[in-house]
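If you're matching them up, the sequences are chains A and B in order.
So the first sequence is residues 1027 to 1303, counted in the numbering used here.
So the second sequence is residues 1027 to 1303, counted in the numbering used here.
It cannot be assumed that every hint is accurate.
Each computed DSSO-like pair below joins lysine-lysine, with the alpha-carbon atoms no more than 30 Å apart [what the hints assert, rightly or not]:
| no. | chain 1 | residue 1 | chain 2 | residue 2 |
| --- | --- | --- | --- | --- |
| 1 | A | 1115 | B | 1115 |
| 2 | B | 1173 | A | 1173 |
| 3 | A | 1173 | B | 1115 |
| 4 | B | 1173 | A | 1115 |
| 5 | A | 1214 | A | 1173 |
Anything over 10 Å on all C-beta distances counts as not near chain A; from chain B, calculated [unchecked claim]:
| no. | residue |
| --- | --- |
| 6 | 1086 |
| 7 | 1109 |
| 8 | 1152 |
| 9 | 1235 |
Chain A is nowhere near these chain B residues, computed Cβ spacing over 12 Å in every case [as the list claims (entries may be wrong)]:
| no. | residue |
| --- | --- |
| 10 | 1155 |
| 11 | 1246 |
| 12 | 1247 |
| 13 | 1251 |
| 14 | 1254 |
| 15 | 1296 |
Source of the hints: derived by calculation from the structure; they are not laboratory data.
Positions of the beta carbon are idealized from the N, C-alpha and C atoms, including for glycine.
Number of protein chains: 2
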Amino acid sequence: MFNLRWAEEGGFPASDRGAAYGDGLFETIRMHGNRGVLLSRHLDRMVRDAGRLGIPVSLTDLRKACTAAINRYYDRFINQQTDGDWVLKLTLTRGEGGRGYRPGPGVRPNLMVSAGPMPEAPPVAYGVAVDLSPVPLMVNPLLAGIKSLNRLEQVMAAREIEGDLFEVIMSDSAGNLVEGTRTNLLLKMSEGWVTPPARNLAVAGVLRQWVLERLRARGELVVERAVSIGDVLGADCRGLYLLNSVIGVVPARSLAGQDLPVDDGLATIFNPLELLE
Amino acid sequence: MFNLRWAEEGGFPASDRGAAYGDGLFETIRMHGNRGVLLSRHLDRMVRDAGRLGIPVSLTDLRKACTAAINRYYDRFINQQTDGDWVLKLTLTRGEGGRGYRPGPGVRPNLMVSAGPMPEAPPVAYGVAVDLSPVPLMVNPLLAGIKSLNRLEQVMAAREIEGDLFEVIMSDSAGNLVEGTRTNLLLKMSEGWVTPPARNLAVAGVLRQWVLERLRARGELVVERAVSIGDVLGADCRGLYLLNSVIGVVPARSLAGQDLPVDDGLATIFNPLELLE
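My request is simple: use the sequences and hints to build the entire structure.
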């Protein structure tokens, strides 16, 4: 079991390993009233990836914390400020202390819970402008896909997002496009839907996984392979989509100043209100 | 200027970017009474690497914070518990808030200051046992050498340090030895002193830099190049040293269960009391 902490009642102890080393992970969940978009997938991912990091947490305890958070935030202030949309953030750290990097025995995790407003919606109908980031993305196979607290690469890349730019895409050392700072990539090509494989991703998003499953269930072909800049800018690309479980499915209308075809075929299969749990 | 926070008076705000994303960096300084080992190098490194991350901080302000910390901790409790040895930790984060990964404009950094006891000294006379870590180390060129708060790789590797084992060494994707979880590597070979180049390091230690300069000043040859397991276990290796500015210069007596020659030639040039400032 973890120590449950509410963000508005104080922060992390200075000796918390999340604050000291990024030794933890987080989920950011789009809420509508007392229900969350893909809530089960968020919680399942946190339990699974905490296990990969050796941080003990149970789905039952996480669900209880979510229920407490909904009771606390929904009535308290969210409902009066918005149309019922808000964002729930859960940050699970390994806990406090230890001998330097090495965790102490029996350390008890901390779960920090906070609520915030929905981010501004992107102009989906027209698509968004996307650029290439000069910040390389180095994914450690041991940590691939985990939404850990080690996000300095994303921070450094996101510093370049200004003006009308919605997102920047980071590439691996081989020059392949991997993901945006806060979005996964999906391309529509003649061979099918194309996306970088989960083992290459810094963060494997829950919306990405849901969309891939939904496409496959419809009988559409999904190919998980490396994606080059040429794939996106070439004549065979029919659309580039950015996926984020809070923001949704966002078509890109340009990459690095070059126009892309904008297709709303994917946006129509994603209705966040259908995914509330 | 930063907000100066004392660890014993409360922790990081939940919205601190250090706690949220590892968006910051730290220094751990060996103190003796009111002086610190290689203190100027620690502070210079923090200023330089904060600049690389785009976190504004001046050496003058850091020095003032150190003076305040020494006044606070030295008289308050350190002097009564130890022989005057203690460890000063400075954690500088980008500050609070922002839009997700993207920092807000004019965000004010937080500097968290804490004091702790010296770690237990290793049995230097006999050398220490070292193993190879199965955790790969992926160094982003943009962040190479920075003692940032993104240290999950080191945490995962350090979890395997048990019993008599003093350290584990992580390798890059090409299989070269890069560094320990908390130490840099230096080999004595017939070609000279050999160490992985700073551009390949996750953390470029201040003691490493000082030792390299001292060796070069003595006219000894220092070669910065990739180090293989064969280099360490081969007949040409005359000694493997682990460098950490708090612990010192520690010779290894074995790697992955294979004996190494132990030479105290390097330990004698490092006297921490000479490096107090």
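Is the straight-line distance between the alpha-carbon of residue 1115 (chain A) and that of residue 1115 (chain B) 30 Å or less? Holds. Residue 1115 (chain A) to residue 1115 (chain B) sits at ~29 Å (cutoff 30 Å).
(message) Quick check for students: does the CB of residue 1296 (chain B) sit more than 12 Å from each CB in chain A?
(response) Given a closest Cβ separation of 20 Å, the condition holds.
Exercise for review: Taking the shortest Cβ-to-Cβ distance between residue 1235 (chain B) and chain A, state whether it exceeds 10 Å.
Suggested key: Per Cβ check, residue 1235 (chain B) is outside 10 Å of chain A; nearest 21 Å; holds.
Is it true that the CA of residue 1173 (chain A) sits at most 30 Å from the CA of residue 1115 (chain B)? holds, 27 Å
So is residue 1254 (chain B) really clear of chain A, every C-beta pair being over 12 Å apart?
-> Its Cβ never comes within 12 Å of chain A, the nearest being 20 Å, so this holds.
Notebook entry, point to check: Within a Cα-Cα threshold of 30 Å, do residue 1173 (chain B) and residue 1173 (chain A) meet the stated pairing?
Noted result: holds, 21 Å
For residue 1173 (chain B) and residue 1115 (chain A), compute the direct alpha-carbon distance and say whether it is at most 30 Å.
holds, 27 Å
TODO: Would you check the hint for residue 1214 (chain A) and residue 1173 (chain A), treating anything up to 30 Å between C-alpha atoms as holding?
DONE: OK: residue 1214 (chain A) and residue 1173 (chain A) at ~26 Å, within 30 Å.
Check: Once the closest CB in chain A is found, is it more than 12 Å from residue 1251 (chain B)?
Finding: holds, 20 Å
- Task: Mind verifying the non-interface call on residue 1155 (chain B)? Its CB should be farther than 12 Å from each CB in chain A.
- Result: holds, 15 Å
- Task: Evaluate the condition: distance from the CB of residue 1247 (chain B) to the nearest CB of chain A exceeds 12 Å.
- Result: It holds; residue 1247 (chain B) is separated from chain A by about 31 Å at its closest Cβ, greater than 12 Å.
Quiz item: Checking the smallest CB distance to chain A, is residue 1152 (chain B) really beyond 10 Å?
Solution: Non-interface label on residue 1152 (chain B) holds, nearest chain A Cβ at 21 Å vs cutoff 10 Å.
The structure fails none of the hints (numbered hints given earlier).
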